[in-house]
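A.B. asks: Chain F is already provided as a structure; the job is to place chain S on it using the hints.
Chains as they are written, first to last, in the numbering used here: chain F, 71 to 459; chain S, 71 to 459.
Everything labelled a hint here was simulated from the structure, so no lab data went into it. Treat the hints loosely; a few may be bogus.
Copies of the same chain are indistinguishable here, so a pair counts whether it falls within one copy or spans any two.
[As the list claims (entries may be wrong)] Derived pair list, reagent style DMTMM-like, types lysine to aspartate or glutamate, alpha-carbon separation capped at 20 Å:
#1 K382 to E287
#2 K196 to D77
#3 K302 to D278
#4 K369 to D449
#5 K382 to E447
#6 K368 to D391
#7 K86 to D278
#8 K199 to E94
#9 K86 to E277
#10 K199 to E120
#11 K408 to D391
#12 K196 to E184
#13 K81 to E94
#14 K81 to D457
#15 K382 to D187
Protein chains: 2
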Amino acid sequence: MLNYTHDIPTKVYFGKGSITHLEEALRQFGTNVLLGYGGGSIKKIGLYNEIMKILNDGGFRVTELSGIEPNPRIESVAKGVELCKENKIDVVLAVGGGSTIDCCKAICSGYYYEGDDLWYMVKHVKGPKKSLPLVDILTISATGSDFDGGGVITNLETNEKLGASFTYPSVSILDPTYTFSVSAYQTAAGSADIMSHIMEGYFSRTEDSELADGIAETILKTVIRNLPIALKEPDNYSARANLMHCESVACSGIPEYGKQSTGWSCHAMEHELSAYYDITHGVGLAILTPRWMRYILKKDPSCEWRFVRFAKNVWGLEGNDEHELALSGIAILEKFFKDNGIPMTLGELNIDETHFRAMADHACEGGRLANAFVPLESDDVMEIYKDCL
Amino acid sequence: MLNYTHDIPTKVYFGKGSITHLEEALRQFGTNVLLGYGGGSIKKIGLYNEIMKILNDGGFRVTELSGIEPNPRIESVAKGVELCKENKIDVVLAVGGGSTIDCCKAICSGYYYEGDDLWYMVKHVKGPKKSLPLVDILTISATGSDFDGGGVITNLETNEKLGASFTYPSVSILDPTYTFSVSAYQTAAGSADIMSHIMEGYFSRTEDSELADGIAETILKTVIRNLPIALKEPDNYSARANLMHCESVACSGIPEYGKQSTGWSCHAMEHELSAYYDITHGVGLAILTPRWMRYILKKDPSCEWRFVRFAKNVWGLEGNDEHELALSGIAILEKFFKDNGIPMTLGELNIDETHFRAMADHACEGGRLANAFVPLESDDVMEIYKDCL
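Here chain F stands alone, though its shape is the one from the complex (with noise of 0.2 Å):
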């Protein structure tokens, strides 16, 4: 078991009606509040009109950042940036999913960058940045972005989405029934997102971090069981929080705690295809997922052991033969992704070969993969990209 920091500041109002908090959660540090939300939806689910009411009630002044991207980028976080400095703010609520949440924490930060490119920022600044408080209410069960610190911002100039450490929310309050009205396809790719979120640490070859990968595994197993019954009963109340209390927690580092890091290799290809493609990332890892598996048990048959683990503690199978109990753990994966109604091959997404080469060389520019869970190089990449086809 390897040595662990547990460095979480962010305190969590989980459940229904968890909004009483937001008031007190938005005082504690001033007046002036930027509102970040993205599309609309928190309008459709009335949302928006029960936070503004809380804010105007309180006597708050409000500045609004409409319009946050799925793919939230660069020109979003300038946007809010100078909507934060214009109106001298004190604190930003950040109202929806992941994207909003991650572009809200660039804004944090930009806030007190001194260079001019919040881009180079987001790309060559490394580690926790000094912020402006943040607060966030999550709307959409996937990132994990409302208990941890990192956000991915996109810049479609440069075909580039990366991943930075910015600045940890200092209330969460997560309500599952905000969730009730995500659709079915969202529903499925956020849960793809979570499991994705373990499934990355997951693969490690450390063995003995006990706890860790139980946490991981029960996280995998609430998610597949609870899934099915959101889809099919939106409005489950226990099914949703299950599915919200998981991804909380599966994106917070916890489930990797004392395990040798991974490479996060999903991520490093998925964060490509949404660069140039701009796709629903849950749905761009639960097609990766399953061929990155198959193919580095392929490359490396050393770690079959984590796989066969995979398939009896998760899925609950058995057999004798262990290199057919890790296939099996794989197929099992991919039929569940398929059955929940994810698209599985990027041809249905219309992504073909064209960008293949130089999304695999970016993936893995200055070696990032290269002491991966299965150190993938450029070519390895490809091969991965057109199983997926």
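C.D. replies: The following block gives chain S in isolation, referenced to the frame of chain F:
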């Protein structure tokens, strides 16, 4: 699934050599340190010298409070508060097990308490308290006091041992190598304590908080697998690390998120044993737990499903007769404690019926166990104590 609030500000450095973070952990608060510790085991393992070298080299001014008791007494709290005031202490450094950390938490809160009577603060002042900052270095895997805000203080004059909310440590340093020298008896008792923290919350009426239950089951299985290894090979790093990782999370509240509160019946009953007889907390819990389980299963068979789940998911037992399965789960728990060297009767600790009535009355004072998983009154507790003889 019920609502929960997550609010744990503690930063944890886990693993061999984490003491390298001690200096920065203290310095953020100042240079006047109160060093609290117990009976001198930290001198035996060389940790005292290691700490003093770091503090002396760093120019810290150290005031010592040694001799903190295994069931820490209110007199030690009072002494610590006095030392903090006399020496203008900036930060308290607790080095030891849960008892030392609990005592230092009470000192940190007592420093700002305005009344004369610190026992009144422990017994009657609810909620977290304004406190001096606390840093701790853990030397035994047991109580989780390094990752929670509570503490348990004993008043031998009134025969009371009471839990209270004080403050979270700012930084906890968890190095498993410091537990290599912990005796077999204390290692086993500590593991029983970890398991009890889980079982107290696991036996709840809430059926659908799946991640919390999964984490609880993982912690129990991890302790069950690693305790015998740690007893056989006291310096097995992996086993000691797994026990320490579990102890930290077990008492954090995380394994109970979303679940109906349970009353922590065994802790209430055990605190009476420790208050009257000053026994090892984990041993008292190990003795009480299987008897409590059999008693409540008989009193309220509607809770049988939870025992069946415990038998299956924690112990891997199988069978069609659910009642038989429930009882087998309890029997194997009792056998596990016994096999690992824990005395499993009160008789072995020279405790007889003398104070049972007073203890039972006090454990149920103010209807404290009226809302437990299975509600208990004084007569119920009397029966459970008698079963332990």
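A.B. asks: Quick check: which numbered hints come out false for this structure?
C.D. replies: Result: hints 5, 10, 11, 14 and 15 break, sorted rising.
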